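K.L.:
What follows is each chain in one-letter form.
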Amino acid sequence: MAETVALKLTAKDFKSDQEVRWCPGCGDYAILAAVQGFMPELGIPRENIVFVSGIGCSSRFPYYMNTYGMHSIHGRAPAIATGLSASRPDLSVWVVTGDGDALSIGGNHLIHALRRNVNLKILLFNNRIYGLTKGQYSPTSELGKITKSTPAGSADSPFNPLSLALGAEATFVARTIDSDRKHLQSVLRAAAEHEGSAFVEIYQNCNIFNDGAFDLIKDASSRDEHLIRLEQGQPITVGGLNVVHPEGSFGLKVQEGGTPIVHDATVDDPAYAFALSRLSGSDLGTTPIGVFRDVRRPSYDEIVRKQVLDAKTQATGTPEEMLDGLLNAGDTWTIL
Amino acid sequence: MPATEKRVEQLDRVVIRFAGDSGDGMQLTGDRFTSETAQLGNDISTLPNFPAEIRAPAGTLPGVSSFQVHFADYDILTPGDAPNVLVAMNPAALKANLADLPAGADIIVNTDEFTRRNLAKVGYAVSPLEDDSLAEFAVHPVALTSLTVGALADLGIAKKDAERAKNMFSLGLLSWMYSRPFESTLRFLERKFAKRPDLVAANKAAFQAGWNYGETTEAFSVRYEIKPAKMRSGTYRNITGNQALSLGLVAAAVRSKLPLFLGAYPITPASDILHELSKHKRFGVTTMQAEDEIAAVGAALGASYGGALGVTTTSGPGVALKSETISLAIALELPLVIVDVQRAGPSTGMPTKTEQADLNMALFGRHGEAPLAVIAPKSPSDCFHAAIEAARIALTYRTPVILLSDNYVANGSEPWLLPSVDELPDLQVEFATAPNTSDGRFLPYLRDPETMARPWAVPGTPGLEHRIGGLEKADKTGDISYDPANHEFMVRTRQARIDAIPVPDLDVEDPAEGARVLVLGWGSTYGPIGAACRALRQRGLNIAQAHLRHLSPLPANLGEVLAGYDKVVVPEMNLGQLASVIRARYLIDAVPFNQVSGLPFTAATLESMLEDVVKNG
Chain A
120 MAETVALKLT
130 AKDFKSDQEV
140 RWCPGCGDYA
150 ILAAVQGFMP
160 ELGIPRENIV
170 FVSGIGCSSR
180 FPYYMNTYGM
190 HSIHGRAPAI
200 ATGLSASRPD
210 LSVWVVTGDG
220 DALSIGGNHL
230 IHALRRNVNL
240 KILLFNNRIY
250 GLTKGQYSPT
260 SELGKITKST
270 PAGSADSPFN
280 PLSLALGAEA
290 TFVARTIDSD
300 RKHLQSVLRA
310 AAEHEGSAFV
320 EIYQNCNIFN
330 DGAFDLIKDA
340 SSRDEHLIRL
350 EQGQPITVGG
360 LNVVHPEGSF
370 GLKVQEGGTP
380 IVHDATVDDP
390 AYAFALSRLS
400 GSDLGTTPIG
410 VFRDVRRPSY
420 DEIVRKQVLD
430 AKTQATGTPE
440 EMLDGLLNAG
450 DTWTIL
Chain B
185 MPATEKRVEQ
195 LDRVVIRFAG
205 DSGDGMQLTG
215 DRFTSETAQL
225 GNDISTLPNF
235 PAEIRAPAGT
245 LPGVSSFQVH
255 FADYDILTPG
265 DAPNVLVAMN
275 PAALKANLAD
285 LPAGADIIVN
295 TDEFTRRNLA
305 KVGYAVSPLE
315 DDSLAEFAVH
325 PVALTSLTVG
335 ALADLGIAKK
345 DAERAKNMFS
355 LGLLSWMYSR
365 PFESTLRFLE
375 RKFAKRPDLV
385 AANKAAFQAG
395 WNYGETTEAF
405 SVRYEIKPAK
415 MRSGTYRNIT
425 GNQALSLGLV
435 AAAVRSKLPL
445 FLGAYPITPA
455 SDILHELSKH
465 KRFGVTTMQA
475 EDEIAAVGAA
485 LGASYGGALG
495 VTTTSGPGVA
505 LKSETISLAI
515 ALELPLVIVD
525 VQRAGPSTGM
535 PTKTEQADLN
545 MALFGRHGEA
555 PLAVIAPKSP
565 SDCFHAAIEA
575 ARIALTYRTP
585 VILLSDNYVA
595 NGSEPWLLPS
605 VDELPDLQVE
615 FATAPNTSDG
625 RFLPYLRDPE
635 TMARPWAVPG
645 TPGLEHRIGG
655 LEKADKTGDI
665 SYDPANHEFM
675 VRTRQARIDA
685 IPVPDLDVED
695 PAEGARVLVL
705 GWGSTYGPIG
715 AACRALRQRG
725 LNIAQAHLRH
735 LSPLPANLGE
745 VLAGYDKVVV
755 PEMNLGQLAS
765 VIRARYLIDA
775 VPFNQVSGLP
785 FTAATLESML
795 EDVVKNG
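Protein chains in written order, with this note's numbering: chain A, 120 to 455; chain B, 185 to 801.
Excised from the complex, chain A in its bound form (with noise of 0.2 Å):
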């Protein structure tokens, strides 16, 4: 973990000199406000920040925080971080990507950094459309979706992409929404606070290819009746209903009575967690926000660190010592 000390940044601190070039009205400027204005509560000096971003419009996110950054490739941002996070535990590493991004190209990428539980905190900007290409649909799209490269209406349906995280073994996984600043920012310092991969998915609105897709759970005359609100250690209800795990069922189901389950992230079992990300479907007619599952499990980098460290503290000798019994190590002859 990068080591925490009193600085006085403040969000200004973050900013880069790099004109934003995101269509107006994008969600993505909202998140990097609030990104911005979560950064100095970190209270990690910039320069042991550093943002890894893959190729996509979420993917300019690293050109406009002012800590070191890389605007790496497509999908394969998860892999160089994880290089960057094992060889580098004094830093603070976090990962932007989107839906095509990290679940599509990058998917390979994504399961294995959860899966090692890597150092990294993953943004993904879930807009459910390809926006720098243009409109295409993308793997969070619902079936159906009519875009430029499906006049028909898809054939593929989405992923789920926390159900995916929750699958990949992900110790912490949570959603939240891009206009909705406290929420998402409570999210982003629960993931900071999360010794290795803290996945988090960002509603995110794509003004231009896929405008209102979130507005079921963001209008203020429908968001009471869709959006769930996670909350540790508080009853799970939304609009007046509540959400139960009937007898006999193996998932969660909302409905009126019954006796709401207290929320409960840290369960080890990610049943749990798994059966949470399932109230929503393709239509969000039930979307949890917040943090689903906050586990503990050493990270990838701890584990690797330990053994270089091991293998160092039993060594003797300097460098240049070991380096020559390593030359002269088996079988040897010598010729006078």
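Any given hint could be a false lead.
Only pairs whose alpha carbons sit at most 30 Å apart, straight line, appear in this in silico DSS-like list of lysine-lysine [said to hold, decoys possible]:
1) A/K337 x A/K131
2) B/K376 x B/K463
3) B/K343 x B/K379
4) B/K376 x A/K425
5) A/K425 x B/K465
6) A/K425 x B/K343
7) B/K660 x B/K441
8) B/K441 x B/K411
9) B/K660 x A/K134
10) A/K127 x A/K301
11) B/K190 x B/K463
12) B/K465 x A/K431
13) A/K425 x B/K463
14) B/K751 x B/K799
15) B/K344 x A/K431
16) B/K465 x B/K376
17) A/K131 x B/K190
18) B/K376 x B/K344
19) A/K425 x B/K379
20) B/K305 x B/K344
21) A/K337 x A/K301
22) B/K379 x A/K431
23) B/K279 x B/K343
24) B/K463 x A/K431
25) B/K411 x B/K379
26) B/K344 x B/K379
27) B/K343 x B/K388
28) A/K431 x B/K799
29) B/K379 x B/K190
30) B/K279 x B/K305
Just so you know, these hints were derived from the structure itself, not from any lab.
Keep in mind that this is a model prediction, so the values were computed, not measured.
Since chain A is already given, all that's left is putting chain B on it; use the hints.
P.N.:
Below, chain B alone, put in the same frame as chain A:
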């Protein structure tokens, strides 16, 4: 073991091939014989040849695994063209290797395996031991299996374990025949089976029985001696290319004082480098077995970005997958070493066979104008120095470097004169620690005027926070730029900085001076080309040899060298990839000579081709 009273003949060189089923332990047998031979001070060169299948059906031709060792009382360059001795553990091993034997060769066969069933498996209607099909060879039938089982009868070993020790019987016999010192093999057996004292005893007894068999029976009347070779003084060990390459990377880490980060995905024939490096964590080596080839290079690049020596090791199919990330590394101008242990392609091809057909991919196989440095080792032990050179270029010039090894050097072995650590190049780098403009700004793409390298400012350095990426960067500032003139400048600069990497001039070997034909090679063909040239010169023909280690950039004097000959011949284990580069770059009518059989050139093949060129133009 008592001294022999048999006739002793002196030889200057011998080539032995141990051949058997994949499960017969032929690689181990060959390895031990090599080690014994090294102890004696002969020069050595070895060539393992095995199928990709871990255990192909027993007794079949595809399941044959062999190990060839060439040793001599003078310096040799190849594992030998044709074996003088074949040890055939079954009919398949005999049939698969017979065509390579010259008349008069010794064949030691394990008669126990020449059953009707085993003969039928490989299409022998009649046992070749019983007709006269082997008349031109000196056949030594030995009941290797039953003799081994008999020798171990008193040890209370399970029959299966006893039978498995037959490779040690054959090693004992060959060690006797060629007067090899055997102490290192006995020590090896104690180490290998440390947890099974019964197997230590069994294998030692089998070895002893093989030795005694040679000494006491009449089947073998002659014992041979090969005097030590005159080699440079110093301490040696026998080493394969993959081992040497691994040690070179560790040495590079020590000499650069950087942590080494290896990202790798298992692939034949490169996996042994991952295995070897994973043992050396005490040097600050981190090895990551990634989820795929792309993640392997990505993680290595991420580690480089963080200030480590990032390395990824693979074979051709893996390089194809890594291509996009290598281009990113070129755009980011970060150090990265990519090791390609080439194998026969395309696609899965022949994973355990050799080829040099990835040269085009290494030089040109990326999108956009994406130049990088390419170097190739010429022999197993040279992999050590080539790895250090690759790291040196990567670190000094902040560029990806492709190291083109191949299966032939990777798995072949030879004696290695151990270098002293303090003679190895100093690879220390300076990270950027402060702003680099007079007005206190940090420009991530402001270049060092000498190396044209940009500053390596690693995360964690206060005041140098900056962003880099795959989008085109403005000169000096590194900001995103779509300016046409800037792109033109940056593309040309990326090429120019690779072209400007200083590499040693190409040396030409032409002892008699006055050769009109130059044979130009690169990588692992050094040995067979050298042996062919030597043979021609011994017959009074003049030929010049030059061998490229640096393929990008090419040595500055190459054009001049090429222009000095009437004819330039380029033998390659591909369809003429270097020859095409030479023709295009220097307008020289280079003559390609190509072999893509999955096997290295024999010296004889090259000798006869070159003789024709020298004599007939």
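K.L.:
Indicate, hint by hint, whether the structure satisfies it.
P.N.:
Status of the hints after comparison with the structure:
1. Between A/K337 and A/K131 the CA atoms are separated by roughly 28 Å; this keeps the pair inside 30 Å, and the hint holds.
2. Using a Cα cut-off of 30 Å, the hinted pair B/K376 and B/K463 holds, with the two alpha carbons roughly 17 Å apart.
3. Our distance criterion of 30 Å between C-alpha atoms is met by B/K343 and B/K379, whose separation comes to about 19 Å.
4. Taking the CA atoms of B/K376 and A/K425, the gap is near 29 Å; set against the 30 Å cutoff, the hint holds.
5. The straight-line distance between the Cα atoms of A/K425 and B/K465 is roughly 10 Å, inside the 30 Å bound, and the hint therefore holds.
6. Between the alpha carbons of A/K425 and B/K343 the distance comes to roughly 45 Å, so the proposed pair goes past 30 Å and is violated.
7. Our distance criterion of 30 Å between C-alpha atoms is met by B/K660 and B/K441, whose separation comes to about 28 Å.
8. Simply put, B/K441 and B/K411 have alpha-carbon atoms about 43 Å apart, too far for the 30 Å limit, and the pair is violated.
9. For the proposed pair B/K660 and A/K134, the alpha carbon gap of about 21 Å is at most 30 Å, so the pair holds.
10. The hinted pair formed by A/K127 and A/K301 meets the criterion: a straight-line CA distance of about 21 Å does not exceed 30 Å.
11. Distance restraint check for B/K190 and B/K463: the Cα-Cα separation of roughly 46 Å exceeds the 30 Å cut-off, and the hinted pair is therefore not satisfied.
12. The suggested pairing of B/K465 with A/K431 holds, with an alpha-carbon distance near 7 Å, which does not exceed 30 Å.
13. With a C-alpha separation of about 14 Å, the suggested pairing of A/K425 with B/K463 holds against the 30 Å cut-off.
14. At most 30 Å may separate the alpha-carbon atoms for a hinted pair to count; B/K751 and B/K799 meet this at roughly 12 Å.
15. A distance of roughly 43 Å separates the Cα atoms of B/K344 and A/K431; the hinted pair therefore is violated under the 30 Å criterion.
16. Pair hint B/K465 plus B/K376 holds up; C-alpha atoms about 23 Å apart against a cutoff of 30 Å.
17. Simply put, A/K131 and B/K190 have alpha-carbon atoms about 91 Å apart, too far for the 30 Å limit, and the pair is violated.
18. For the proposed pair B/K376 and B/K344, the alpha carbon gap of about 18 Å is at most 30 Å, so the pair holds.
19. A threshold of 30 Å between alpha carbons decides the hint, and for A/K425 with B/K379 the separation of about 28 Å falls inside it, so the pair holds.
20. In summary, the hint linking B/K305 to B/K344 is supported, as the alpha carbons are separated by about 22 Å, within the 30 Å threshold.
21. The hinted pair formed by A/K337 and A/K301 meets the criterion: a straight-line CA distance of about 14 Å does not exceed 30 Å.
22. At roughly 27 Å between alpha-carbon atoms, B/K379 and A/K431 fall within 30 Å of each other, so this suggested pair holds.
23. Simply put, B/K279 and B/K343 have alpha-carbon atoms about 27 Å apart, close enough for the 30 Å limit, and the pair holds.
24. Using a Cα cut-off of 30 Å, the hinted pair B/K463 and A/K431 holds, with the two alpha carbons roughly 12 Å apart.
25. Taking the CA atoms of B/K411 and B/K379, the gap is near 37 Å; set against the 30 Å cutoff, the hint is violated.
26. A threshold of 30 Å between alpha carbons decides the hint, and for B/K344 with B/K379 the separation of about 18 Å falls inside it, so the pair holds.
27. The hinted pair formed by B/K343 and B/K388 meets the criterion: a straight-line CA distance of about 16 Å does not exceed 30 Å.
28. Proximity of A/K431 to B/K799 is assessed by CA-CA distance (about 61 Å); at most 30 Å being required, the pair is judged violated.
29. The hinted pair formed by B/K379 and B/K190 fails the criterion: a straight-line CA distance of about 38 Å is larger than 30 Å.
30. Using a Cα cut-off of 30 Å, the hinted pair B/K279 and B/K305 holds, with the two alpha carbons roughly 11 Å apart.
Hints 6, 8, 11, 15, 17, 25, 28, 29 from the list above are not met by this structure, while the remaining hints are.
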